[in-house]
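J.: One-letter residues, chain by chain:
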Amino acid sequence: MKKALFISAAVILLLAFVAGVFLYGTKKTEQAGQLAQQNRSALVRDYSPVLGPADAKVEIVEFFDPACETCRHFYPIVKEILAAEPERIRLVLRYAPFHQNSDYVVAVLEAARMQGKYWETLEILLESQDAWVVHHAVQPPQAWMQVQNLGLDLERLQRDMQSPEIAARIRQELADADALKVMKTPDFFVNGKPLPSFGFEQLQTLVREELENAYRQ
Amino acid sequence: MPMNRTQNSNDPAWTRVFLAWLIAAVSTLGALFIGEVMGYAPCVLCWYQRIAMFPLVLILAAGLFPFDHRVVRYALPLALTGWALALFHWGVASGLIPENVTPCSQGVPCSVEQIVWFGFLTLPMLSVLAFSAIIALLLLTRFKVTQ
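Chains as they are written, first to last, in the working numbering: chain A, 1 to 217; chain B, 1 to 147.
Take the hints with a grain of salt, since some may be wrong.
[To be verified] Derived list of chain A stretches under chain B, where covered just means 3 residues or more per stretch with a C-beta under 8 angstroms from a C-beta of chain B:
# : stretch
1 : 4-11
2 : 15-28
[Said to hold, decoys possible] To be clear about the criterion: a stretch of chain B counts as covered by chain A if any three or more of its residues have a C-beta under 8 angstroms from a C-beta of chain A, and this derived list gives those stretches:
# : stretch
3 : 33-46
4 : 56-66
Read the hints as simulated data drawn from the structure, not as lab findings.
Even glycine gets a Cβ: it sits at the ideal position worked out from N, Cα and C.
Make a model of the complete structure from these sequences and hints.
T.: Have a look at this one:
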């Protein structure tokens with residue numbers, strides 16, 4: 001009798017927990033989707049770095065932090081997704097510099113973009129991330145050392161990094177991340193739709209669905 | 001009949017420990033839900049309260065089958081520690097204790113209320129209530145058994 005009471009209480013609690021996880025997840029995804037629909041302008045800015053053709057019908061928006069380890073692991077995977085359908089998918093990168101001093105690295109990237117060396121700078125920084133992120137905090141001198149051999153005009157880079165334009169962009173990026181309730185990185189939107197739950201497979205599935213919707217014959 | 005009498009006198013004690021276990025289990029699952037599912041990062045004081053609450057689920061359950069009233073001795077220190085931490089946290093969160101004397105200078109501040117239900121119910125308050133109820137049930141069990 002007591003055992004039955006105990007076991008049924010335990011089972012009911014666990015079931016309630018699992019149901020809660022499921023319901024909360026569904027509601028969250030719905031809300032994130034609505035939020036993205038209401039804030040279309042916050043999803044992509046005209047200055048945002050883009051990889052892929054302008055007429056691609058599937059657009060992946062990735063909010064990322066250059067200092068985030070998971071973002072680093074996702075980068076080659078996202079590029080693989082793009083490489084599989086180079087004419088149909090484009091990638092828009094947005095910043096969510098949540099780590100301490102991350103905005104320094106975002107400034108390096110944006111200044112490098114002004115010299116037309118965005119993607120190589122991004123790749124070298126992601127590759128060497130362990131060298132300039134210590135205990136989840138960016139070490140600016142170490143990050144600066146990584147971009148020495150890319151043929152960048154370093155004086156100009158340093159000047160541009162201080163420019164009010166880049167500071168304004170970083171503020172805009174953070175405001176947009178806030179408006180879209182991006183709390184963790186990387187966060188993806190595919191044609192404005194958020195991932196139902198975080199994971200590489202979920203991203204692949206959503207991209208596949210959107211490809212099918214957009215290019216149905 | 002003596003067998004039956006012990007059985008009967010033990011029943012309320014068992015029920016009290018069971019209720020204490022129920023509160024601990026609901027609190028634990030609730031904390032996990034808010035932390036892992038809703039994604040609110042626990043502050044330092046929340047972590048210490050979790051350290052006191054989570055083991056209660058296992059210890060109290062172990063004391064229920066077969067019923068061992070000494071489980072009170074083993075569970076009470078945890079419950080009292082958690083209760084003291086919860087009370088301190090409540091003080092910090094409601095502004096009675098200034099944040100700068102707390103161990104939460106980095107990361108998630110303990111003084112910020114992330115969740116308020118029905119306009120008054122906060123997480124530190126729920127924690128105080130849960131630990132208080134568990135302590136009351138355990139003391140009642142001990143008191144009745146030694147009588």
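J.: Now tell me if each hint is right for this structure.
T.: For each hint, the structure was consulted:
{"no.": "1", "hint": "4-11", "in the structure": "holds (count 4)"}
{"no.": "2", "hint": "15-28", "in the structure": "holds (count 6)"}
{"no.": "3", "hint": "33-46", "in the structure": "holds (count 4)"}
{"no.": "4", "hint": "56-66", "in the structure": "holds (count 3)"}
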